[in-house]
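Q: Chain residues, written in single-letter form:
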Amino acid sequence: MADVALRPDGIGTAQPARKRSGLQKALKRRSTAAFLMTLPLIILIALLVIYPAFYSLHLATLNKSMQKFVGLGNFEFLFRRDTFWLVVKQSCIFAITAVVFKALIGFIVAHFVHNIPAKGQRKWRGMLLVPWVIPPAMSTLAWLWLFDPSYSAFNYTLSFFGIGPIPWTGDAAWARFSVILVNVWYGAPFFMIMYLAALKSVPDQLYEAAAIDGANWWQRIWYVTLPMMRNIIAITTLFSLIVTFANFDIVRILTAGGPLDHTHIFATWAFRIGIEGSDIPLGASVSLFMVPILAVAAIFILRDVNKRGNEA
Amino acid sequence: MADVALRKVVKRYDDVEAVRGIDLDIADHEFIVLVGPSGCGKSTTLRMIAGLEDISDGDIMIGGDIVNDVPPKDRDIAMVFQNYALYPHMTVAENMSFGLRLKHYPKAEIKARVTEAARLLDITDLIDRKPKQLSGGQRQRVAMGRAIVRNPKVFLFDEPLSNLDAKLRVQMRIEIKKVHQKVRTTTVYVTHDQVEAMTLADRVVVMNKGRIEQIGTPNELYHKPATRFVAGFIGSPAMNFIPCRLEDVGGTLQLRLTDRIAFALPPARAARYNALPRTDKLLLGIRPEHLTESHAHLGPGVETFDAVLDVTEPMGMETLVYFGLDGTPVCGRVDPNAGAKDGAPMRLAMDLNNMHLLNEETGAVL
Numbered sequence: 042m043a044d045v046a047l048r049p050d051g052i053g054t055a056q057p058a059r060k061r062s063g064l065q066k067a068l069k070r071r072s073t074a075a076f077l078m079t080l081p082l083i084i085l086i087a088l089l090v091i092y093p094a095f096y097s098l099h100l101a102t103l104n105k106s107m108q109k110f111v112g113l114g115n116f117e118f119l120f121r122r123d124t125f126w127l128v129v130k131q132s133c134i135f136a137i138t139a140v141v142f143k144a145l146i147g148f149i150v151a152h153f154v155h156n157i158p159a160k161g162q163r164k165w166r167g168m169l170l171v172p173w174v175i176p177p178a179m180s181t182l183a184w185l186w187l188f189d190p191s192y193s194a195f196n197y198t199l200s201f202f203g204i205g206p207i208p209w210t211g212d213a214a215w216a217r218f219s220v221i222l223v224n225v226w227y228g229a230p231f232f233m234i235m236y237l238a239a240l241k242s243v244p245d246q247l248y249e250a251a252a253i254d255g256a257n258w259w260q261r262i263w264y265v266t267l268p269m270m271r272n273i274i275a276i277t278t279l280f281s282l283i284v285t286f287a288n289f290d291i292v293r294i295l296t297a298g299g300p301l302d303h304t305h306i307f308a309t310w311a312f313r314i315g316i317e318g319s320d321i322p323l324g325a326s327v328s329l330f331m332v333p334i335l336a337v338a339a340i341f342i343l344r345d346v347n348k349r350g351n352e353a
Numbered sequence: 027m028a029d030v031a032l033r034k035v036v037k038r039y040d041d042v043e044a045v046r047g048i049d050l051d052i053a054d055h056e057f058i059v060l061v062g063p064s065g066c067g068k069s070t071t072l073r074m075i076a077g078l079e080d081i082s083d084g085d086i087m088i089g090g091d092i093v094n095d096v097p098p099k100d101r102d103i104a105m106v107f108q109n110y111a112l113y114p115h116m117t118v119a120e121n122m123s124f125g126l127r128l129k130h131y132p133k134a135e136i137k138a139r140v141t142e143a144a145r146l147l148d149i150t151d152l153i154d155r156k157p158k159q160l161s162g163g164q165r166q167r168v169a170m171g172r173a174i175v176r177n178p179k180v181f182l183f184d185e186p187l188s189n190l191d192a193k194l195r196v197q198m199r200i201e202i203k204k205v206h207q208k209v210r211t212t213t214v215y216v217t218h219d220q221v222e223a224m225t226l227a228d229r230v231v232v233m234n235k236g237r238i239e240q241i242g243t244p245n246e247l248y249h250k251p252a253t254r255f256v257a258g259f260i261g262s263p264a265m266n267f268i269p270c271r272l273e274d275v276g277g278t279l280q281l282r283l284t285d286r287i288a289f290a291l292p293p294a295r296a297a298r299y300n301a302l303p304r305t306d307k308l309l310l311g312i313r314p315e316h317l318t319e320s321h322a323h324l325g326p327g328v329e330t331f332d333a334v335l336d337v338t339e340p341m342g343m344e345t346l347v348y349f350g351l352d353g354t355p356v357c358g359r360v361d362p363n364a365g366a367k368d369g370a371p372m373r374l375a376m377d378l379n380n381m382h383l384l385n386e387e388t389g390a391v392l
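The listed protein sequences derive, respectively, from chains X and P. Count along the first sequence starting at 1, add 41, and that's the number in the working numbering. Count along the second sequence starting at 1, add 26, and that's the number in the working numbering.
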């Protein structure tokens with residue numbers, strides 16, 4: 042009984058001290074300190090990313106003059122237009138084809154570079170990164186010249202073999218090929234450097250163990266290299282898929298979406314409608330369409346990465 | 027299973043000779059340990075046997091066939107690496123069966139072999155786990171399992187216990203010995219740890235600077251080292267080397283260590299060293315266990331002297347005592363109850379029946 046009677050008293054006197062020490066403890070905790078230190082960046086990201094994202098959501102619900110709320114009207118309108126579905130199809134073809142080729146070329150080149158002796162490797166690595174370092178707006182201008190209908194250096198060279206002239210940007214199929222080609226040229230070095238880093242992190246002894254186990258070079262790639270690089274491949278692919286899907290400069294400069302909208306992708310078409318066509322809400326609606334498509338890809342890829350993350 | 031032979035094997039990296047023409051015959055079923063300090067060429071030698079390094083000169087034979095240009099997979103060997111080299115994305119069973127699966131063995135046989143190896147190594151419960159879920163010792167067992175299931179002609183171990191803590195190392199050492207007793211496959215084992223070498227090997231190969239210093243059973247190396255390097259490398263604490271000279275005093279051969287200390291050699295030793303020139307620069311090689319406390323019942327050939335101890339290290343079952351003889355640091359092993367104290371004088375006994383005499387310049391044991 043005596044204990045029970047004393048207890049409330051004790052709590053009453055101890056509580057303020059405990060509260061203060063609780064706050065002090067929270068401030069001293071590493072996670073709190075980490076949060077406070079990252080807070081400036083979080084605020085910056087909130088201002089530069091989250092605000093525009095919500096603003097574009099808001100814009101997409103307005104009419105052309107941005108005076109009236111139309112709900113999902115813009116989306117309904119888009120669904121009824123053939124050009125929209127053409128853009129969806131082209132965006133998918135553009136992004137998937139480009140990413141596949143970038144990944145493939147990056148993987149092969151990374152292997153070659155990896156096998157160059159350490160002395161000469163830096164030089165090659167530097168040179169191979171050049172396409173990725175040049176601002177794409179500039180390098181695409183150079184490609185534009187190479188594809189020029191009248192002065193195409195490619196066509197000039199091909200003419201010696203009796204081929205061409207090829208309408209690089211004039212014909213729908215060739216124009217699609219050209220924009221993908223330039224995108225692959227620009228993006229493959231990124232894959233190369235990521236894969237090279239991944240290759241370097243695979244312990245040599247795994248290859249030696251595989252060689253003793255009887256694996257040939259292909260089996261070594263299939264059973265050792267690829268599984269060991271799986272996470273890097275997944276993350277690089279996801280990252281590149283997002284960037285390629287949202288690509289603007291290459292298509293804009295090379296074909297401006299032509300001929301007859303046959304190379305438009307989401308970003309260039311959103312620009313055409315929103316800025317050039319002065320229908321900003323409709324442009325916002327088009328660009329918002331990338332979100333669900335990329336979200337699905339991101340969920341699948343990141344789930345796999347999480348699952349595999351526990352192995353290495 | 028097979029014998030392995032190395033004939034004048036050389037490994038050159040640009041201008042550096044890592045392995046300088048070694049000859050070695052390893053008998054069928056034998057457990058050979060290559061031991062030496064880092065950079066002595068032991069791992070390179072092992073990797074050349076495995077086929078992971080090309081040989082610059084000479085021949086390597088496995089089972090009588092020259093395998094110089096045979097790729098690793100066709101040499102019918104299995105290797106256990108220092109960092110285990112398990113495939114992180116495969117389960118224990120998949121890791122162990124990888125080699126057999128590549129060779130398209132029937133599934134039933136693969137399963138039987140993996141089960142048997144797992145039982146032998148006591149890892150049956152871990153068979154479905156990934157390497158990340160295993161401790162260091164368990165990983166090393168899996169790495170050994172991967173070697174065993176292949177039933178190869180030769181096992182190669184490249185410092186397999188270096189990544190384990192001291193206690194586990196002792197345990198795994200015994201496991202490896204047990205496994206070898208059961209499977210009896212010819213084994214070449216590389217280590218820099220002389221205790222591993224002594225405890226595991228049928229024969230030990232001591233290497234230094236790309237050459238073989240001595241080949242012998244652990245006992246031979248310990249009691250009859252051929253060179254100063256072997257004498258100093260095998261045994262812990264290491265053998266003492268004390269500058270000395272031979273003197274003839276009144277018809278007996280004496281060993282003079284300092285101005286104050288000289289011992290008459292026991293007859294057997296005197297006969298052995300009598301022919302040596304008296305001017306030669308000589309070293310007395312004596313192991314710490316042959317430098318003990320003096321007591322009443324010393325046998326023949328055991329001589330006593332006084333020394334002031336610099337440092338004592340009580341180890342429990344014995345006490346190590348350190349002192350100087352004319353500036354040469356010397357270590358002895360005394361009874362823990364002999365009363366050894368830092369800075370105190372002590373009467374010590376040197377067992378000259380177990381001494382070695384070395385040529386200081388060539389390092390050869392005389």
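What the hints contain is simulated information worked out from the structure, not anything from laboratory work. You may find that some hints are simply not true.
Straight-line Cα separation of at most 30 Å, DSS-like style, residue types lysine-lysine; simulated pairs [said to hold, decoys possible]: (1) X:LYS241 <-> P:LYS99; (2) P:LYS179 <-> P:LYS133; (3) X:LYS241 <-> P:LYS156; (4) X:LYS160 <-> X:LYS241; (5) X:LYS348 <-> P:LYS235; (6) X:LYS160 <-> P:LYS235; (7) P:LYS133 <-> X:LYS105; (8) P:LYS129 <-> X:LYS241; (9) X:LYS348 <-> P:LYS179; (10) P:LYS193 <-> P:LYS129; (11) P:LYS158 <-> P:LYS137.
Some but not every residue of chain P turned toward chain X, in silico, with C-beta under 7 Å [as the list claims (entries may be wrong)]: (12) ALA31; (13) LEU78; (14) PHE107; (15) ALA111; (16) HIS115; (17) LEU128; (18) LYS129; (19) LEU160; (20) ARG229.
DEER-style ranges, computed between Cβ atoms [said to hold, decoys possible]: (21) X:ARG71 <-> P:HIS249: 54 to 62 Å; (22) P:SER262 <-> X:LEU82: 37 to 45 Å; (23) P:LYS34 <-> X:LEU267: 36 to 44 Å; (24) X:ARG71 <-> P:LEU346: 40 to 48 Å.
It should be emphasised that the depicted structure is a prediction, and the values quoted were computed from it without experimental measurement. Note that CB positions come from ideal geometry on N, CA and C, so glycine has one too.
Q: Take a quick look at whether X:LYS348 and P:LYS179 sit within 30 Å of each other, Cα to Cα.
A: 39 Å, violated
Q: Check the hint pairing P:LYS193 with P:LYS129 against an upper bound of 30 Å on the C-alpha distance.
A: 37 Å, violated
Q: A closest beta-carbon separation below 7 Å is what the hint needs, so does P:LEU128 meet it against chain X?
A: OK, holds: P:LEU128 within 7 Å of chain X, min 5 Å.
Q: Regarding the hint that P:ALA31 lies at the interface with chain X, is the smallest CB-CB distance below 7 Å?
A: Since the shortest Cβ distance to chain X is 20 Å, the answer is violated.
Q: Would you mind confirming whether the straight-line C-alpha gap from X:LYS160 to P:LYS235 stays at or under 30 Å?
A: 27 Å, holds
Q: For the pair we were handed, X:LYS348 and P:LYS235, check the Cα-Cα distance against 30 Å.
A: The given pair, whose Cα atoms are some 48 Å apart, is violated under the 30 Å limit.
Q: Assess, step by step, whether the Cα of P:LYS129 is no farther than 30 Å from the Cα of X:LYS241, and give holds or violated.
A: Holds, at about 28 Å.
Q: Hint check: X:LYS241 vs P:LYS99, CA-CA at most 30 Å. Holds or violated?
A: 23 Å, holds
Q: For P:LYS133 and X:LYS105, compute the direct alpha-carbon distance and say whether it is at most 30 Å.
A: 68 Å, violated
Q: Taking only the CA atoms, is the gap from X:LYS160 to X:LYS241 under or equal to 30 Å?
A: Holds, at roughly 15 Å.
Q: Okay, P:LYS34 versus X:LEU267 on CB: inside 36 to 44 Å?
A: Given range 36 to 44 Å: holds, Cβ gap about 42 Å.
Q: Please check whether P:ARG229 passes as an interface residue: C-beta within 7 Å of a C-beta belonging to chain X.
A: 24 Å, violated
Of the hints listed earlier, those the structure fails to meet are numbers 5, 7, 9, 10, 12, 19, 20 and 22, in rising order.
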